[in-house]
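Trainee: Taken in sequence, the protein lines are chains A and B.
Oh and the first sequence: position 104 is 104 in the working numbering, straight run, nothing missing.
Oh and the second sequence: position 165 is 165 in the working numbering, straight run, nothing missing.
Derived by calculation from the structure, the hints in this document are not laboratory data.
Every residue gets a Cβ at the ideal spot worked out from N, C-alpha and C, and that includes glycine.
Selected chain A positions facing chain B (Cβ under 8 angstroms, derived; list incomplete):
#1 A5
#2 T7
#3 L9
#4 C19
#5 L22
#6 M98
#7 V104
#8 V105
#9 R140
#10 V154
#11 T160
#12 L168
#13 A176
#14 V188
#15 P199
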Amino acid sequence: MKGAAPTALAASCASCHECGLLCALPAHAGHGAHCPRCDAPLHARKPRSLERATALVIAAFVCYLPANLLPVMTVTSLGRSEADTIMSGVVYFLTHGMWPLAAVVFIASVFVPLLKLLILTFLLISVRLGSRWRPVERTRLYRLTEAIGRWSMVDIYAITILVALVHLGNLATIEAESGAVFFGAVVVITMLAAESFDPRLIWDRSEASRP
Amino acid sequence: MHGAGPSCPVGTGTCCSRPPEVAIPLVACHDCDLLQRLPPLPEGGRASCPRCGSTLRKRPHEGLERTLALTLAAAVLFVVANSFPFLSFEMKGSITQTTLVSGVIDLYRQGKQELAALVLLTTVLAPMFQMLLLLHLLVPLRWNRIPWQLQRAFRLLRHAQVWSMMEVFMIGILVALVKLMGMATIVAGLALWSFVLLMLVLAGAVASFDPEEMWERVEALR
Numbered sequence: 001m002k003g004a005a006p007t008a009l010a011a012s013c014a015s016c017h018e019c020g021l022l023c024a025l026p027a028h029a030g031h032g033a034h035c036p037r038c039d040a041p042l043h044a045r046k047p048r049s050l051e052r053a054t055a056l057v058i059a060a061f062v063c064y065l066p067a068n069l070l071p072v073m074t075v076t077s078l079g080r081s082e083a084d085t086i087m088s089g090v091v092y093f094l095t096h097g098m099w100p101l102a103a104v105v106f107i108a109s110v111f112v113p114l115l116k117l118l119i120l121t122f123l124l125i126s127v128r129l130g131s132r133w134r135p136v137e138r139t140r141l142y143r144l145t146e147a148i149g150r151w152s153m154v155d156i157y158a159i160t161i162l163v164a165l166v167h168l169g170n171l172a173t174i175e176a177e178s179g180a181v182f183f184g185a186v187v188v189i190t191m192l193a194a195e196s197f198d199p200r201l202i203w204d205r206s207e208a209s210r211p
Numbered sequence: 001m002h003g004a005g006p007s008c009p010v011g012t013g014t015c016c017s018r019p020p021e022v023a024i025p026l027v028a029c030h031d032c033d034l035l036q037r038l039p040p041l042p043e044g045g046r047a048s049c050p051r052c053g054s055t056l057r058k059r060p061h062e063g064l065e066r067t068l069a070l071t072l073a074a075a076v077l078f079v080v081a082n083s084f085p086f087l088s089f090e091m092k093g094s095i096t097q098t099t100l101v102s103g104v105i106d107l108y109r110q111g112k113q114e115l116a117a118l119v120l121l122t123t124v125l126a127p128m129f130q131m132l133l134l135l136h137l138l139v140p141l142r143w144n145r146i147p148w149q150l151q152r153a154f155r156l157l158r159h160a161q162v163w164s165m166m167e168v169f170m171i172g173i174l175v176a177l178v179k180l181m182g183m184a185t186i187v188a189g190l191a192l193w194s195f196v197l198l199m200l201v202l203a204g205a206v207a208s209f210d211p212e213e214m215w216e217r218v219e220a221l222r
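Put together the whole structure using the sequences plus the hints.
Mentor: Below is the structure:
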């Protein structure tokens, strides 16, 4: 028979978010305590983790639609203008027979941000409901969102390079459009949301509700 | 319980700021908070949490020396990569050349200041701070001195690392190149190869940096 697993929280300790040192939390609520090794503020759990992450996830969902529906750039060539959305970029690569690149852009720009938002939503709901369901797998999902988020920046960089290279007046010009701004916002906001979510909450709930 | 610090309920006393030299240090998993003992790792070793499987610590071979060497190389490559044009674009006799910073300036001129700031932060400023802070920490330690503002520099480095995205930028270059291939002639400049090397070298520096080893060395100097 095994009781509740020993956690730092149960031992009134906290591991520092920055350097990982295990520190004893002062008895008085832990306000204003700092890590003796790297001087970062100490918290047993990330402060207001669920509230912050929920707000950021909602904000990211709001930005996700215009990011995918609005054009991210306009290509003007010999008087003809053509607006490109993220999806039309994917379709361009597909129709020109460059399916590996179409896959890269689709995965990085459409699939990854949506997957990340859905995983975070699922984690937030399951923690709020006090779910005990498969904490190991849910922790793994969290680590996945942390690792893949940055790869959505690919399209932003591609647009920057296109804009910088193609400005030949009437001959050919590429301009960034507002879809790209929303897209950048989605990437930044989901990164912040993943950072504010505390995966230890997954374990707290499954420990607390253990019979 | 009285006094400033409560006594440790685990009963080992090692979860306080200065564990005794002989004891096997107690750590808590950053993903599931499980308390556990982490015995010293051999070089190249890696420890995972038995409950949730996340990596507790990875100890690379000759971590700090390797990090310092790779960071020095990355700093040189960074200067080259940002000083010369990395792509030239030729269409019907007109040629445009671009550096990374000129791309950011173009975005800014088109009224996309937020994008310009984001690209500048993630491909120029964050990698630059990352390299400067690594050098700031590792050069004095190499000659057995404790770096100035050690704690602040370490925490800044952690933030710089999150926002430094050189490896993603490389894929962005690839996507842009393929898109332009049909349109015009693209000539890769010297800086493009520096970017490729920079990405690899910087990734190597990050992978071989073991903060725990750095703190051990600082502790030994005090």
